[in-house]
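*Asks:* Using the hints, position chain B against chain A.
The listed protein sequences derive, respectively, from chains A and B.
Here our numbering is used: the first residue of the first sequence is 1, the next is one more, and so on.
Here our numbering is used: the first residue of the second sequence is 1, the next is one more, and so on.
There could be a bad hint or two in this list.
Heads up, the list lumps identical chains together, so a pair's fine if it works in one copy or across two of them.
[Claimed, not checked] In silico lysine to any residue, SDA-like type, Cα no more than 25 Å apart, as pairs:
(1) 254 - 307
(2) 325 - 17
(3) 79 - 308
(4) 121 - 185
(5) 180 - 236
(6) 182 - 96
Hints were generated in silico from the structure; no laboratory data involved.
Protein chains: 2
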Amino acid sequence: MGSIGGGILDLTNDSFYYCTMQTRITELFGIDKPIIQAGMIWCSGWELASAVSNAGGLGLLGSGSMYPEVLIDQIKKCKEATQKPFGVNVPLLYPDIDKHIANIIDLGVPIVFTSAGNPAKYTARLKEAGIKVVHVVSNLNFAQKSQDVGVDAIVAEGFEAGGHNGREETTTMCLIPMLKDKIDIPIIAAGGIGTGSTMAAAFCLGAEAVQVGSRFVITPESSAHENFKQEVVNAKDGATELTLKELTPVRLLKNAFYEQIKQAYDEDAGVSSLQEILGRGRAKKGMFEGNMDEGELEIGQISAYINQLKPAATIVEEMMEGFYKTLKALQTL
Amino acid sequence: MGSIGGGILDLTNDSFYYCTMQTRITELFGIDKPIIQAGMIWCSGWELASAVSNAGGLGLLGSGSMYPEVLIDQIKKCKEATQKPFGVNVPLLYPDIDKHIANIIDLGVPIVFTSAGNPAKYTARLKEAGIKVVHVVSNLNFAQKSQDVGVDAIVAEGFEAGGHNGREETTTMCLIPMLKDKIDIPIIAAGGIGTGSTMAAAFCLGAEAVQVGSRFVITPESSAHENFKQEVVNAKDGATELTLKELTPVRLLKNAFYEQIKQAYDEDAGVSSLQEILGRGRAKKGMFEGNMDEGELEIGQISAYINQLKPAATIVEEMMEGFYKTLKALQTL
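With the rest of the complex left out, here is chain A (with noise of 0.2 Å):
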């Protein structure tokens, strides 16, 4: 089967492999399906992004955890794993980040996205290079202010996504409704989805494709620590928060470390000794290294009720799968 549309639906065996859906974001990268695999720190090197892409989403590799000559080597890994489009998230306050914009450039990547910081200051410089971007915002004023300087896309990143996040704590219930509004430019949801259902809510809200975190933390091509995967495997309603506000906030796993940080809080400790206990590395030695108690175990909310390691094509399927299952299921109403 070459495509689905038009409310017809055919549940035959592997179609949903094949299947194509478009929207303005599967034209602008050029993929098939609108489902795009954020791009962690720790967790999603070139084995999950081209896994990602050659089932016809978009891979994205998490440059955050990378240095620069990692990056380089995960994005010739990358390209030659996959011929299907791909990108790479940069964090803008990385900081060798001109490093990784002038590698990105150098070596052709076609999609960059940016997040945690000012969208204005690389945008033009990477749209020069005929590269697509994409920033990530939690709220309505960085929505605009990238519409303003020329991205191409939004990421709207709700109050239940793993990771750093906002401070408004705006949930994507919320969020994608209230930019819809205001926004012209298309509008890629995140957070607290990772099936079918959770994306066809998404596309409700007025989304034109969802961005997926947690849920391809736990497959074979995540190179997140096995601990880790089974952390989140085990995860269950109540085990994230988002904490650290007065740092940068960040949403993550309740393990010892949570405990500790908690406890600074219950004593009324400043941003000087939260930033001594966070440290440095933590993100690596949880997340990649598979220390459970002294690590940063960044993951969404989603974690309560994902619990199966399926891999990233699996993934793919079963989210578009499930996606027109949910609208057909509702047009008997």
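*Replies:* Below, chain B alone, put in the same frame as chain A:
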């Protein structure tokens, strides 16, 4: 037009005033439209509840701000104002709860929503009286407890909702699918819902009805003070916060009273100081008496983008129309 279904949509004038939709929730309550107006303190008396019920949804009296004799009077007036089913929301921590329960049974109210407490306490007694019982939850544990003690349905309320809320901070986008996996009784989604597109999103997640609070605050029929309605109309992105977690978590507008709380937190004030600042009657002072500085102004995140005062019936109609239009638009994907 008697009903709209099967994915066929006829957008002629006035269609949505008369349209009906069937789910387990509409059947449970005997209503035409799966839209429930939340029972909110100081905002939802008989005028609002009867207007929503007359429009085909389900209106709820918010008994948490009513003395027993006031509730009796409100129930009588609501009965006079509508022939359709309506209900009462009863916060289980209400000091004179036994009187409320007895009066509700005596006066033959057909539907009760209980919240903020243990559903085991009154469900059997209400059900013996032939009353349909719904309990409001914000996590899986209480959803399961509610089902176990025999409630007919649950309201699952996400972090973005106004007023009192759960400690897990689980958003609507995560809460509904998590509960849908584990719970058999029907789910009414709440938190971030007040338009047709958000209603459609909630249905994608597995809800069979929606409960809408904030949007119904800014209606002529709402008993909220005009000053409060205007503040809700004016509220922008990031205007609310879930705070007072050490007492009972509550989402409110960031006014001068909120700044007092914030300062207390900054000064490491304990629970007793917070309790002292909160004092008594803050919610009445703000929402009912219109003191925008000293009052507690409970409202959801959706206040960021709802900005028009409209009659309750218009809201119900617009939501139905938006619901079908949203799903219709996605059929072409």
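*Asks:* Hint by hint, where does the structure go against what was stated? Just the numbers, ascending.
*Replies:* Those not satisfied are hints 3 and 6.
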